[in-house]
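Residue-level listing of the chains:
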Amino acid sequence: MTTATPLSRIVRTDWFGPLLVTIAATVLIGGFSPSFLSPLNIQVLLLAVAINALIAFSQMIIIAIGQMNLSVGAIGGLAAIAFAGMMEVWGLPAPVALVLALLIGIACGVLNGMLIAITGISAFVITLATLSIFKGINLGITRAQPFYGVPEGVKAFGTAVLIGPVPWLAVPTAVVAVALWFMLRRQPIGRFILAVGGNEHAAALSGISVRFTVVVAHAISGLLAALAGVLLVARLQLGQPSIGDDWLILSFAAPVIGGAVLAGGHVSVAATLLGVVIVAIITQALVLFSIDPFLVQVVLGALILLRWTRHRSSRRAASKNHSPASRRCAASRCRCCRAPSMRCSARTAPASRR
Amino acid sequence: MTSHDAPIAAGPQGDSLERDQNTLRSSFFLTNEFGLILLIVLFTVGFGAAASGFLSPFNLFTLGRTAAVNIMIGLSMMVVIVTGGLNLAVGAIGVSAAMFCGYLIEGLGLPWPIALLGGLALGAALGFVNGWTVVRTGLHSFIITLATMSIFFGVMIFLTRAESYRALPPVFASFGKMKILAYFSPLLIVTLIAALALSWLYRRTVLGREMLAAGARPEAAELSGIRVGRVFILCHMLSGVLAGIAALMLVARNGAAIPAMAGQLGQDWLLPAFLGPVLGGTLLQGGKASVLGTCLGAFLVTMLTSGLLLLQLGEFWIQSFLGLLLLLAVLVDKARRTYLARRNLA
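Heads up: the sequence lines are chains A and B, in that order.
Residue 196 in the working numbering sits at position 196 of the first sequence, and the numbers go up by one each step.
Heads up, the working numbering is the position in the second sequence plus 354, with the first residue counted as 1.
Excised from the complex, chain A in its bound form (with noise of 0.2 Å):
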């Protein structure tokens, strides 16, 4: 391990892997099919992983604490909603509307961390029930119909581009993703959610408030899915209801092919971004080579379960010398096969019990 030279270093890191299949796939791909390197093709492969790793990263850092959150799309419909209802019916100007929109978001994801971290119950249940709350206030505020009146001025900045093909939508994407490398790697704060993800029990004792990590967190995620929301509305040019309610399956497929241990604690900024590139590419190339568009599903399935087995059975070895009975709780449990947190809705309970 110490004596690991730069290059196996490298090799090792979460990033490598689907790093290297997805220059792989660009160059399989472009070799085939000239016109996926072409400027407006690059355009709108960008545009799609602006939006996607924003669901992304806004599940992987719930993955990061070790719970998951079935309300991301809910949070981020309200908050498009909520968007481009607020400049339609208020006539609230666009930087307004932006800010409140994003303080709803936190404000779910508030909610959804408080009622976790106080109830102790799993964020399973919680999140399934406070995501048909939110999906329910959508559908109660508009009536199921769309917002139209979106201002020029943010049709604008979904179209613009600011050099070559990259467009105005990648921006806030490329800065959150910076922010969120730097507070995880970096920052007290993002250090705690790790370590509250890794082991719970020893982020407690080492006098981390897991409480307030877990609320962090879920504020977090919530403000990341209402960003992606609004940054949709100024992509498609209108407040659609209907925002958010295909985002679950692609908010874990991207984590989990980036390597992310669903059972907290070890989550990667780079991987998950190249792991949203690699759907999106994939997702591109079925359309160009025109497969079935139906097909998209499908793949997203097989390459959330290629990855699991692949990293099952890689780690198996490390996995062999841990006997089923020490595998407790929150203790010393094989990590990359243990269950999400759901099965373990005991691991607060008990410590708040004694």
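Calculated directly from the structure, the hints in this document are not laboratory data.
Only a predicted model underlies this, so the values are computations on that prediction, with no experimental measurement involved.
Ideal Cβ positions, reconstructed from N, Cα and C, are used throughout, including at glycine.
Just so you know, not all the hints are guaranteed correct.
[Said to hold, decoys possible] Only some residues are given here: those of chain B computed to face chain A with a beta carbon under 8 Å: (1) Ala405; (2) Thr502; (3) Leu619.
Guided by the hints, dock chain B onto chain A, whose structure is given.
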């Protein structure tokens, strides 16, 4: 055994749960089931008084028809929750089974009883795929079924070109429209039979007890000679069959097999699938199933939806109400457990 390597609950929680169950047995009034019955009676009286059409034969008939499907969806999820896992693919499996049945009738011209069996067999087969993958990889069923949900639904849409099968034999539609005593749908009888069969399975048969034991503590079950992997696969197959039945009941109700009847990727079934078992007191950690509770929970949800629609409180807000209901239910359940645990300790 690496199939489900996550132990369900750490020591303290497991003990208090067992104590919980002992207390529950002694006093029926503190159970989920009693609370649900109370709520159902309360809401029936309330809606009956507030909304004029609520107790009309027609409304009760449609209510029963919807409840039958929702209960079946809930049961389909419950049999997997028993293993401590979950099955996000219920919707996708159900729709695939129904579409396969439609294909057997329209595409191959098979008689409908064989086509029904074919559909259910596909449900079982897809359930087997889920169960086998979960057991063999040892991954949590959340991620496996998330992936297979996408795969099953994608393949189904790809093969059917998103077209419905509408020229089904009239026996489907007439079964969906049939009324017994002017109030009841025969679909309710199908559900009742399934529920009774499941209670019998969990109470009286070796296999059912093995499912509960394997769900509660896979390691202990393995040591006492239960083949946990096989039992888990059977649970997933059972879930697939029940999902198939639910979808076929929907086909009878609609008179056509429609690919979109469970929404995108079958996601529309997720909430009803979890509402029933969770309201009914089935533990998400596994090892405990309440068939009666699931039925009551799903029925309560259906009744609330119907009543709120009739009261015209805004049909678009209903999803929020259901979410709030789920939230309230888990909070009350949590409070009840804490209360019971505390009283026991004192």
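Do the hints match the structure? See the list:
Given the 8 Å rule on beta carbons, the hint for Ala405 of chain B is violated: about 20 Å separates it from the nearest Cβ of chain A. Using the Cβ-Cβ criterion of 8 Å, the hint placing Thr502 of chain B at the interface with chain A is satisfied: the shortest such distance is roughly 6 Å. Interface hint status for Leu619 of chain B: upheld, as the beta-carbon distance to the closest one in chain A is roughly 7 Å, under 8 Å.
Checked against the numbered hints given earlier, the structure breaks only hint 1 and satisfies all the rest.
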